[in-house]
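**Q** Chains A and B, in that order, are what the protein sequence lines are. Count the first sequence with the numbering used here and you get residues 1 to 108, in order. Count the second sequence with the numbering used here and you get residues 1 to 170, in order.
Simulated from the structure, these hints should not be mistaken for laboratory data. Please read all numbers here as calculations on a predicted model, not as lab measurements. Misleading hints may appear alongside valid ones.
Restraint ranges, calculated between C-beta atoms of paired labels, are given here [said to hold, decoys possible]:
| no. | chain 1 | residue 1 | chain 2 | residue 2 | range |
| --- | --- | --- | --- | --- | --- |
| 1 | B | PRO149 | A | THR94 | 20 to 30 Å |
| 2 | B | LYS147 | A | THR36 | 41 to 51 Å |
| 3 | A | VAL10 | B | THR3 | 24 to 34 Å |
We treat Cβ as the ideally placed atom computed from N, Cα and C, and that holds for glycine.
Now for the letters of each chain:
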Amino acid sequence: MSQNHNVISVAENLIQEHFDLEPNLEKVIWINPDKTTEIRLLEINSDTITTGMVQSFYFAPWEEIPYAMKIAEITPEEWQKILQSEIPLPRGWTLENHKVYSRELVTA
Amino acid sequence: MSTWQNWQAAFLKQARSDWEAYQKTTEFDWPYCHRLHYLQMATEKLSKALLIAGDLELENLTGSHSAFVNFIRAAGKNRKLQKPLGLKRSPLQAHFKKLLPLAREIELLAPALAKSSPNPEYPWEDPAGNVLAPTEYSFPLMKQLQKTPQGIQLLRHIEIFLKRFEELFM
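This is chain A alone, in the form it adopts within the complex (with noise of 0.2 Å):
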């Protein structure tokens, strides 16, 4: 198996289990999925709470999954000021290359 098809199962099962936990999360951007050693999501999720900025929480590899991550959540009205840069991505992080999983993707 590919190092970039492990990624690949790693994060989507993440995901997978994200939308399964959180009832309220709308949609999973991953940004950056070919880098094979990081993985990096913006989690919109109406539950969480505003901060005007994008809190990237950094997640260290460890047995069960081997990449570092980093998962930021934030509200509907962030994404849409992400869209229209009103409000910055952390640095290094772009939209130029991303996935969007929504629940209606990931439970098909």
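Fit chain B to the supplied structure of chain A, relying on the hints for placement.
**A** Just chain B, lined up with the frame of chain A:
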């Protein structure tokens, strides 16, 4: 040139010092405002120590006091915490969700977020027009932290996170 690791170490050092100060205030009959002030500062810096590793720009870290609620939400996704906290696999997220209301109250102690509500640093005006000093306010939050299962758990977790940050989060 400084690296994010230098900043993380410094935030963590200060968070641990704030926590030590919080614990010292529990040894004496000090007004609750002082205890809560140190607790709020310790939790904010603990959260920011992890955010620094998440590519956040430094000016965003120092320009905002919101971080602890999202830190607790992130902890609910961190399966690495299950064993050290003695939690079973499935309820990890549910466990941390139960702690969110108290985490939010701690976060809102920062005067910039509290605005005209009670906070441990500056006087405020209550709805009846009375101007109150933090030192004369009873802060129901303190009792919630000390007497409720959620409060006791949250304080225990904060202590573990601070003591074992490198092992649990990095």
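**Q** All the hints need checking, so say for each whether the structure fits it.
**A** Consistency of the hints with the structure:
Between PRO149/B and THR94/A the beta carbons are some 44 Å apart, a value that contradicts the proposed interval 20 to 30 Å. For the pair LYS147/B and THR36/A, the supplied restraint of 41 to 51 Å holds, since their beta-carbon distance comes to about 49 Å. The supplied range of 24 to 34 Å is met by VAL10/A and THR3/B, whose beta-carbon atoms lie about 27 Å from each other.
Checked against the numbered hints given earlier, the structure breaks only hint 1 and satisfies all the rest.
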